[in-house]
Amino acid sequence: MTVTDLVSYEDALAAYDPVMGLEVHVELGTKTKMFCGCSTALGADANAQTCPTCLGLPGSLPVVNATGVESAIKIGLALNCTIADWCRFARKNYFYPDMPKNFQTSQYDEPIAFDGYLDVQLEDGEVFRVHIERAHMEEDTGKSTHVGGATGRIHGARHSLLDYNRAGIPLIEIVTKPIEGAGERAPEVAKAYVAELRELIKALGVSEARMEQGQMRCDVNLSLRPNGTEKFGTRSETKNVNSLRSVERAARFEIQRHAAVLSSGGKIVQETRHFHEEDGSTTPGRIKEEAEDYRYFPEPDLVPVAPSREWVEELRATLPELPRVRRNRLREEWGVSEHDMQSILNAGAVDLIVATVEAGADAAAARKWWMGELARRANEDGVELAALPITPVQVARVAELVAKGDLNDKLARQVIEGVLAGEGDPDTVVEKRGLKVVSDEGALGTAVDEAIAANAAIADKIRGGKVAAAGALVGAVMKATRGQADAARVRELILEKLGVEG
Amino acid sequence: MADLIKLTAAEIADKIASGELTAVEVTEAHLARIEAVDEKVHAFLHIDREGALAQARAVDEKRARGEELGPLAGVPLALKDIFTTEGVPTTVGSKILEGWIPPYDATVTKKLKAADVVILGKTNMDEFAMGSSTENSAYGPTGNPWDLTKIPGGSGGGSSAALASFEAPLAIGTDTGGSIRQPAAVTGTVGVKPTYGGVSRYGMVAFSSSLDQGGPCARTVLDAALLHEVIAGHDPMDSTSIDAPVPPVVEAARNGSVEGMRVGVVKQFRGEGYQAGVLQRFDESVALMKELGAEIVELDCPSFDLALAAYYLIAPSECSSNLARFDAMRYGLRVGDDGTKSAEDVTALTREAGFGPEVKRRIMLGTYALSSGYYDAYYGSAQKVRTLITRDFEKAFEQVDVIVSPTTPTTAFPIGERADDPMAMYLADVCTLPVNLAGNAAMSLPCGLAPEDGLPVGLQIVAPAMKDDRLYKVGAAVEAAFTAKWGHPLLEEAPSL
Amino acid sequence: MPGITREEVAHLARLARLELKDEELDHFATQLDDIIGAVARVSEVADQDVPPTSHPLPLTNVMRPDEVRPSLTPEQALSGAPAQEQQRFKVPQILGEE
Ligand SMILES: [Mg+2]
Ligand SMILES: [Zn+2]
Numbered sequence: 001m002t003v004t005d006l007v008s009y010e011d012a013l014a015a016y017d018p019v020m021g022l023e024v025h026v027e028l029g030t031k032t033k034m035f036c037g038c039s040t041a042l043g044a045d046a047n048a049q050t051c052p053t054c055l056g057l058p059g060s061l062p063v064v065n066a067t068g069v070e071s072a073i074k075i076g077l078a079l080n081c082t083i084a085d086w087c088r089f090a091r092k093n094y095f096y097p098d099m100p101k102n103f104q105t106s107q108y109d110e111p112i113a114f115d116g117y118l119d120v121q122l123e124d125g126e127v128f129r130v131h132i133e134r135a136h137m138e139e140d141t142g143k144s145t146h147v148g149g150a151t152g153r154i155h156g157a158r159h160s161l162l163d164y165n166r167a168g169i170p171l172i173e174i175v176t177k178p179i180e181g182a183g184e185r186a187p188e189v190a191k192a193y194v195a196e197l198r199e200l201i202k203a204l205g206v207s208e209a210r211m212e213q214g215q216m217r218c219d220v221n222l223s224l225r226p227n228g229t230e231k232f233g234t235r236s237e238t239k240n241v242n243s244l245r246s247v248e249r250a251a252r253f254e255i256q257r258h259a260a261v262l263s264s265g266g267k268i269v270q271e272t273r274h275f276h277e278e279d280g281s282t283t284p285g286r287i288k289e290e291a292e293d294y295r296y297f298p299e300p301d302l303v304p305v306a307p308s309r310e311w312v313e314e315l316r317a318t319l320p321e322l323p324r325v326r327r328n329r330l331r332e333e334w335g336v337s338e339h340d341m342q343s344i345l346n347a348g349a350v351d352l353i354v355a356t357v358e359a360g361a362d363a364a365a366a367r368k369w370w371m372g373e374l375a376r377r378a379n380e381d382g383v384e385l386a387a388l389p390i391t392p393v394q395v396a397r398v399a400e401l402v403a404k405g406d407l408n409d410k411l412a413r414q415v416i417e418g419v420l421a422g423e424g425d426p427d428t429v430v431e432k433r434g435l436k437v438v439s440d441e442g443a444l445g446t447a448v449d450e451a452i453a454a455n456a457a458i459a460d461k462i463r464g465g466k467v468a469a470a471g472a473l474v475g476a477v478m479k480a481t482r483g484q485a486d487a488a489r490v491r492e493l494i495l496e497k498l499g500v501e502g
Numbered sequence: 001m002a003d004l005i006k007l008t009a010a011e012i013a014d015k016i017a018s019g020e021l022t023a024v025e026v027t028e029a030h031l032a033r034i035e036a037v038d039e040k041v042h043a044f045l046h047i048d049r050e051g052a053l054a055q056a057r058a059v060d061e062k063r064a065r066g067e068e069l070g071p072l073a074g075v076p077l078a079l080k081d082i083f084t085t086e087g088v089p090t091t092v093g094s095k096i097l098e099g100w101i102p103p104y105d106a107t108v109t110k111k112l113k114a115a116d117v118v119i120l121g122k123t124n125m126d127e128f129a130m131g132s133s134t135e136n137s138a139y140g141p142t143g144n145p146w147d148l149t150k151i152p153g154g155s156g157g158g159s160s161a162a163l164a165s166f167e168a169p170l171a172i173g174t175d176t177g178g179s180i181r182q183p184a185a186v187t188g189t190v191g192v193k194p195t196y197g198g199v200s201r202y203g204m205v206a207f208s209s210s211l212d213q214g215g216p217c218a219r220t221v222l223d224a225a226l227l228h229e230v231i232a233g234h235d236p237m238d239s240t241s242i243d244a245p246v247p248p249v250v251e252a253a254r255n256g257s258v259e260g261m262r263v264g265v266v267k268q269f270r271g272e273g274y275q276a277g278v279l280q281r282f283d284e285s286v287a288l289m290k291e292l293g294a295e296i297v298e299l300d301c302p303s304f305d306l307a308l309a310a311y312y313l314i315a316p317s318e319c320s321s322n323l324a325r326f327d328a329m330r331y332g333l334r335v336g337d338d339g340t341k342s343a344e345d346v347t348a349l350t351r352e353a354g355f356g357p358e359v360k361r362r363i364m365l366g367t368y369a370l371s372s373g374y375y376d377a378y379y380g381s382a383q384k385v386r387t388l389i390t391r392d393f394e395k396a397f398e399q400v401d402v403i404v405s406p407t408t409p410t411t412a413f414p415i416g417e418r419a420d421d422p423m424a425m426y427l428a429d430v431c432t433l434p435v436n437l438a439g440n441a442a443m444s445l446p447c448g449l450a451p452e453d454g455l456p457v458g459l460q461i462v463a464p465a466m467k468d469d470r471l472y473k474v475g476a477a478v479e480a481a482f483t484a485k486w487g488h489p490l491l492e493e494a495p496s497l
Numbered sequence: 001m002p003g004i005t006r007e008e009v010a011h012l013a014r015l016a017r018l019e020l021k022d023e024e025l026d027h028f029a030t031q032l033d034d035i036i037g038a039v040a041r042v043s044e045v046a047d048q049d050v051p052p053t054s055h056p057l058p059l060t061n062v063m064r065p066d067e068v069r070p071s072l073t074p075e076q077a078l079s080g081a082p083a084q085e086q087q088r089f090k091v092p093q094i095l096g097e098e
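Protein chains in written order, with UniProt numbering: chain A, 1 to 502; chain B, 1 to 497; chain C, 1 to 98.
Certain hints may be false.
Said to hold, decoys possible - Once the Cα atoms are required to be at most 30 Å apart in a straight line, the calculated DSSO-like pairs of lysine-lysine come out as:
| # | chain 1 | residue 1 | chain 2 | residue 2 |
| --- | --- | --- | --- | --- |
| 1 | B | K467 | B | K111 |
| 2 | B | K95 | B | K467 |
| 3 | B | K95 | C | K21 |
| 4 | B | K95 | A | K143 |
| 5 | A | K31 | C | K90 |
| 6 | B | K111 | B | K95 |
| 7 | B | K341 | C | K21 |
| 8 | A | K143 | B | K290 |
| 9 | A | K239 | B | K341 |
| 10 | B | K341 | B | K290 |
| 11 | A | K231 | A | K143 |
| 12 | A | K143 | C | K21 |
| 13 | B | K290 | B | K467 |
| 14 | B | K111 | A | K31 |
| 15 | C | K21 | A | K92 |
| 16 | C | K90 | A | K92 |
| 17 | C | K90 | B | K467 |
Read the hints as simulated data drawn from the structure, not as lab findings.
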């Protein structure tokens, strides 16, 4: 199906009501894997973080990572779930080369957390409640590289290479109940939900939840039903949608695609689909002749997990302020609009601004630098804001230097550029690049005198009352001082020396 | 030399400790015996001559330095080829793992090494421990030293045959439905299935995780106890390992007695299919225990009649999943990788070529039992049966201290007789597998020869979970009384090879 | 319980990744039918109100602390690999999800 076959979004919504289900996998930030003591640190050599257990060698056995369970409980509590007082792991049996045992150790009908909700705030401030079906523990698979096909794609590849460093990393899978009633805002709700969930996970400190690194991955299930009807339509499952923007686009695309199929009298096939970043479309996965039969059964190599109520309550007591509540508090403290706060959130700047304020900057300045110069740089470099090589403490120092008048904005930007370039902290950059505002009146006076002498014609105009022409002289002085002068003071001096009132 | 191989493990350990024998001498004697008879018996799949001698030399050096030796230091042992051994091939009796050299030691292997036990090599077994005759080994059958045309039991036929042919005084087996006890019974040796969780399963290639249990095999009850103590104990690498002290098995074996004990006889463990000579020797054993001061109690355990059915659903189900990892991707055999076939096809071709018929049969059966639509009727019901069997045992152990039965309904049958009749083969484990379903401890020890065929008969003793010591207390008493009655250990009646 | 057909055997073989030969399909159909016929007895208890036992031990909460333990070296990890390339397991083309 090509994009031209789609029904317009407006037409789709005029006839149909979307129902969504979102499944999010989060890689936990534990030190070790879910069932063995192998490190989960990034950047290791291929297959350097594997052991008999995570390679599925004959004879090996799993042992549960206590921190993995603790993180799962924290996530469950933060999602307002009931925490099971007894649950088990189950084996999900299917063959795939990236899965060393050819079964995934997961949870089936006994998840550790179930029946919760997450309130998400839409751009206009409206709060939408997404109900959570369950959150369960499982393990990640290895990574395959496909060789011989076009650009590393699986199709047409001659063979594949497998690295099992990722195999066994703890995952929490969070599944929503069917999301109904979002109407035309369904794609926005999907995006806001994933964004809110990511904030929550980060706030809990259980994962960095970086979508671009695959630490958080989303499957979007979507179906349409004719407006005014109850019964769910057949759903499609769009797998591994790995950015907030893509979640929204994938939902939107599927609404349009389903509507096109349905309104032309066709039937939706229940299938998995793949999302394409390039054009925002989805395409069907491999058609399987037979329905999957995972032959789930309780994992006999592990014993049940029965979190004591005391433990659960202890963990509940450690939960941080929920991100949405905190955001609303900060919004008031910072005096910004809902819309601005949403932009700050989308940019991943909330915590950075908080940390910068904690380091002594005022909120406006912190926001200005992170959402201005730094957001631009992050965007240019295609990295997350937090990944820029500058710390909130350094940004706070820049803001402080500006506040004291030691730097002007232009110089401050150069300081930031220096910090980002690895030249050291702000004071070092100021020192090395010689970026202090020239406040030595003598030196500045000389520079002004020289500028007046070199631009006699302009100086005459100014003396003649054309005060606006002073800008040219200011520019000359700034150039002579390599931008290190305080432009306002230069202007004052010029007018003073030429005997003109400002 | 000939006498040396007939010594018990306890005697060998004493003589090495006292300096009467060296570990190297003992090891060489056993290696020579293996060289002499194993072509006929085929107990071993791999003989680690160098490794064994190196370990023996280390023991002798340790002694020379005056360091303390373990209770079984320098005693040779035959290790079932289901335990991983770093640097030494481990095949599990399967073509699919031919040539695989594990990069790690099983916990049992580690413990044996740490106790200075000398591992002679790896013993033959039914492929993936599935079978009761060792005929399912991809590397050919093992002969029963009592009659080489008969089966040595299975799956641990290599271990039991190694003991009965005096190739090793100690062996290790694994018991999922009887694979330690049934081979012990048909070879006239002693085998113990410890309480589930008593011996670590880490590095023991899984057949059926909730049933598998490693355990000691020996020619005497005391030797089994000494080995039991070496390999048992909590292992943090095995989540199903019991975190409690090992029951005092050695002490029990040294103080055998049945006086005042209540011994249960379950009425479900006799009837059709039981060989007359087996029942005769069993009844004599019960009479003997009564003479020795035990009180005999008749028991009714109705759910035991369903044990075989439950077992042949649970074990295949778990195995269908446990054996999925043999897919030609990371280790072992790979068949059909001609550059055009998909991974999926190569996996299917490899499994087809690498697994024998019994393994395939059980994988298919387990896949069926776990399939959606059948799960509740089969796997779900089997698990309910498991509960009922456990309750029957619990009820029984309110009335008795141990339960006894024949270990197996018949003596060793001819190689080939049941090879393509799975249901007939499965019946060999009818007395042993209820124990695995409940997780209890059990022992088999010789109780005589069946008059009709002159082959050994095994007496099974069952104790409640974590009461493994009771097996040894009762077993030692029965063993002493029988040995006194016969005037010698039963194995002395075996033909010389 | 209904008898097991050759088609069912073929389906199971696909699920279990066994490239069974034709004669095996027939042979297994007969044998599995026999065995299933015999073990189907367990369904006698299907209606009984009995909890299932999946495990003989009543253990719960066996966990390990989140502490790194030594891994194998990549050489050890790959030591049994039928084929390898670039320190990775080399496997035939994967038909798959994309
Ligand atoms: Mg999942
Ligand atoms: Zn590992």
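Outcome of the hint check:
1. K467(B) to K111(B): holds, 22 Å
2. K95(B) to K467(B): Not OK: K95(B) and K467(B) at ~38 Å, beyond 30 Å, violated.
3. K95(B) to K21(C): holds, 18 Å
4. K95(B) to K143(A): holds, 28 Å
5. K31(A) to K90(C): Holds: K31(A) and K90(C) sit about 28 Å apart, inside 30 Å.
6. K111(B) to K95(B): Holds, at roughly 28 Å.
7. K341(B) to K21(C): Within the cut-off at roughly 18 Å; holds.
8. K143(A) to K290(B): violated, 65 Å
9. K239(A) to K341(B): holds, 26 Å
10. K341(B) to K290(B): Answer violated: K341(B) to K290(B) is near 67 Å, above 30 Å.
11. K231(A) to K143(A): Since the Cα atoms of K231(A) and K143(A) sit roughly 39 Å apart, the hinted pair is violated (cutoff 30 Å).
12. K143(A) to K21(C): violated, 33 Å
13. K290(B) to K467(B): Holds. K290(B) to K467(B) sits at ~21 Å (cutoff 30 Å).
14. K111(B) to K31(A): holds, 29 Å
15. K21(C) to K92(A): Answer holds: K21(C) to K92(A) is near 27 Å, not above 30 Å.
16. K90(C) to K92(A): Holds. K90(C) to K92(A) sits at ~25 Å (cutoff 30 Å).
17. K90(C) to K467(B): violated, 49 Å
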